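Colleague: Okay, here's what each chain looks like letter by letter:
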Amino acid sequence: MSLTGEPGFDLDKLRSIGHLKGGRTMSRSTSGREHPESGLPYKTTRDELGNDVTEHGKAGSGLSERQDVGINAETVRGEMG
Amino acid sequence: MAWANSGLYPATIINSLSGAGSNLAAWNTTTNNVFLTSNSDSTLYAAALGGTGNIYVATYEVSGTGWAAGGVAISAAAAGATSLAPTLTVTGTSPVLLSYNVGANLSVATTTLTGAYGMYFYSTTASHLYKWLGIYFGGTGYSTVAGTFAVTWSGLVVATINCAANT
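Here the protein sequences come in this chain order: A and B. When you line the first sequence up against numbering that gives the first Met the number 0, it's residues 0 to 80, in that order. When you line the second sequence up against numbering that gives the first Met the number 0, it's residues 0 to 166, in that order.
Because the hints were derived from the structure by calculation, they are not lab data. Owing to the predicted nature of the structure, the values given are computational and were not obtained by experimental measurement. For every residue, glycine included, the Cβ atom is placed at its ideal position computed from N, Cα and C. If a hint is listed, it holds; no wrong ones were tucked in.
20 Å max Cα-Cα, derived SDA-like pairs, lysine to any residue:
no.	chain 1	residue 1	chain 2	residue 2
1	A	57	A	40
2	A	42	B	139
3	A	42	B	144
4	A	42	B	147
5	A	42	A	65
6	A	57	A	44
7	A	42	A	52
8	A	42	A	26
9	A	57	B	144
10	A	42	B	111
11	A	42	A	71
12	A	57	A	29
13	A	57	B	109
14	A	42	A	30
15	A	57	A	30
16	A	42	B	109
17	A	57	B	145
18	A	42	A	56
19	A	57	B	147
20	A	42	B	106
21	A	42	A	57
22	A	42	B	145
23	A	42	B	142
Simulated coverage check for chain A against chain B, where a stretch passes if three residues somewhere in it have a Cβ under 8 Å from a Cβ of chain B:
no.	stretch
24	50 to 56
25	68 to 78
The shape of chain A in the complex, shown without the other chains (with noise of 0.2 Å):
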């Protein structure tokens, strides 16, 4: 029983306006092959900081065969005005 005398209760919801579902932060995966029959399969999950890891893998297996890494870069701002 919760605080607020429902069970289950989701205290972010009183907490924020804006509530988001799973939090600000969650991490968001796509996956698929990378050719609709013949090709490998892959999962992209993109993190908290804005930046892809893409697994990749043998068919039928498990993922991790290969993995890449693209950082999503914000652009460095300096200032002399």
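Dock chain B against chain A, hints included.
Modeller: Chain B alone, transformed into the frame defined by chain A:
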């Protein structure tokens, strides 16, 4: 110590502005390199020219298959071992920005690397291995396995210096 932010190296910028002859770290020279380091590294952006933190050292470098110690030449750091094609431009009127741009994003294939937290641009002029720019990846150590290590910049703009603020 650890990576905490991206930044520019003012001592290297002063060197570039003050006409120090052949030792200048020209930002658009494609024989310069980029290299990676672990989170044991300290960026030390305020370091003096040639001092600890201002120059390339291998102590905390991340290298491996497909990414040699000393880093990758800017001339070969884009897809297909082509150049990042860096340029320096002036953009805008309010603000006025000095922009350090690339013609292509970084993409180095078939690498195996472990725990890269950030990346530097630095001059490969012998005895003057000055860093001018650090790129922080955000606080996670990134690893590749026989894969592509890529860095994508929004609008292909790596860095800007605001030379005249909004009016």
